[in-house]
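Everything in the sequence shown is counted per the numbering used here, starting at 4 for the first residue and increasing by one.
There may be inaccurate statements among the hints.
Computed Cβ-Cβ distance ranges for the label pairs, DEER-style [what the hints assert, rightly or not]: (1) A245 <-> N435: 30 to 38 Å; (2) D42 <-> A111: 27 to 35 Å; (3) P459 <-> A248: 50 to 58 Å; (4) E24 <-> G443: 46 to 54 Å.
Derived from the structure by calculation, the hints contain no laboratory data. Quantities reported herein were computed from a predicted structural model and do not represent experimental measurements. Each residue gets a CB set at the ideal place from its N, CA and C atoms; glycine is no exception.
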Amino acid sequence: MPKFTTYDGTELAYHLHGEGEPLICIPGGAMRASRYLGDLGGLSAHRQLVLLDLRGTGDSAHPEDPATYRCDRQVADVEALRVHLGLARVDLLGHSAGGNLAMLYAAAHPDRVARLALITPSPWAVGMPPTRAERLAAARLRKGEPWFEEAYAAYSAALDGREPQADYDALFYGRWDAAAKAHAAAGDQEYNDEAAEVYGSDGAFEPSATRAALARLDAPALLLAGELDGGPCPELAARAAACFADCALQVQPGAGHYPWLDDPGAFVRTVAAFLDPDVRSVTVDGVRLAYRVWGEESAPPVVLVHGRGGSASAWTEIADHLARTRRVYAFDLRGHGLSDWPGAYSFEALRDDLRGFLTALGLTGAGVIGHSMGGIAAVLLAQDEPGLIGRLVLEETPPLFPLDPPRGPAERPAGELGFDWAVVAATDAQLNDPDPAWRGRFAAVAVPTLVVAGGPTSHFDQKKLAWMASRIPGARLVTIDAGHAVHAVRPAEFVGALAEFGIL
4 MPKFTTYDGT ELAYHLHGEG EPLICIPGGA MRASRYLGDL GGLSAHRQLV
54 LLDLRGTGDS AHPEDPATYR CDRQVADVEA LRVHLGLARV DLLGHSAGGN
104 LAMLYAAAHP DRVARLALIT PSPWAVGMPP TRAERLAAAR LRKGEPWFEE
154 AYAAYSAALD GREPQADYDA LFYGRWDAAA KAHAAAGDQE YNDEAAEVYG
204 SDGAFEPSAT RAALARLDAP ALLLAGELDG GPCPELAARA AACFADCALQ
254 VQPGAGHYPW LDDPGAFVRT VAAFLDPDVR SVTVDGVRLA YRVWGEESAP
304 PVVLVHGRGG SASAWTEIAD HLARTRRVYA FDLRGHGLSD WPGAYSFEAL
354 RDDLRGFLTA LGLTGAGVIG HSMGGIAAVL LAQDEPGLIG RLVLEETPPL
404 FPLDPPRGPA ERPAGELGFD WAVVAATDAQ LNDPDPAWRG RFAAVAVPTL
454 VVAGGPTSHF DQKKLAWMAS RIPGARLVTI DAGHAVHAVR PAEFVGALAE
504 FGIL
């Protein structure tokens, strides 16, 4: 593994996972070897993880002076790693106690931090240690678990400074399964207990100074808390997030202190979206929606809504064209891409996501282009609230007749998917038996509308698409022989149709 020499001559090690832009990861514990972080639930597919073994842990050497285990004394180690890696600015992730070191580094070197991700941090550095009451209240959320009574008694004793009579590791995990048990057991060999005693000792933290520095930090921050965690609980996490000039708080449902183990997908989507400078997020009715933006901020807005199984990135080529004259927004629908995957899906929910997205970003009157399932969300919204949409483009949008023959259960493809497979069953059920009122309300779409059909190679009935266009007052029908994904197969012709319609 690679090593470097830090300010006092101590040789420190770090471990690399994945490829791409480096993300320096500071472990917690306090003073636990970084191997427990693993690949952070698959985050290594998005970034190169640089897992630092803090001095005296893992493969790093023990310092000559044990006093240098103190958290503030290790800020210079992180800076030495930045210099060693040749990075002008760093993206930094700190977990648990390591979040304090990350905060101290950001306070001391604000110009060296690009983005700061704090994962279930115990915010001692800003003078907000989790209290006994907060920890026990979080523990009681697990009351229905078969192991709860014994673990709770042991945890309560430990917090009181008494010898626990049982193990209570289960309280720190959202799921106490085989993976969590193995993860907890490995910790016995990964801690430097002597160093942990020094880490947060007297003088390590100056909360008022740190809060003042973080209030001036230009770099965006993310504070991710676990719904079931007590250190910090979501309420404490919110207070800690308020110390920053720019900090997004995310609470991962069902997660404890190690959210990448409890739900790797949810963890990776949230953190990867935050770390990508081209991705932004907005929360609509408790669902985080990731989105991308192109074009000048002052230009007229247009919103692109992808189809089932897609994501905002499916629109890149079209967005590049539109951005010449428009401010372009493309978001990942719930259950897709880097947005939240809540597990519950319907066309009505997708419609409400679009409504919330337009409202939250102040995009009333924007043009909306929806492909397939995204077109359903758009046309249902136009039926309900036409004032939210300026111009509407429906590309190969199902006309909401019952499928004949109906679709049966679909078999999930093998491997990782870029969307939640539960979307398929939920939307197929609605396509098989759509609400007939939806078809009856096409006449209520009171905005200029373009219907783009894909011609004979499309799997949609083109006559029914024409019927839908005829029912929308003043709608224009354009056929481009490209099949279902017109914008992807014939982008030039698609853009030409948009230009004629007045969106480009």
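Could you check the hint for me, namely that P459 and A248 are 50 to 58 Å apart, CB to CB?
The hint (50 to 58 Å, Cβ to Cβ) holds, given that P459 and A248 are roughly 56 Å apart.
Given the range 46 to 54 Å, decide if the beta-carbon distance of E24 to G443 lies inside it.
Holds - the Cβ-Cβ distance for E24 and G443, about 51 Å, lies within 46 to 54 Å.
Just to be sure I understand the hint, the distance between the Cβ atoms of A245 and N435 should be within 30 to 38 Å; is that true here?
Violated - the Cβ-Cβ distance for A245 and N435, about 48 Å, lies outside 30 to 38 Å.
Status of the given 27 to 35 Å range, CB of A111 versus CB of D42:
holds (29 Å)
The structure shown violates just one earlier hint, number 1.
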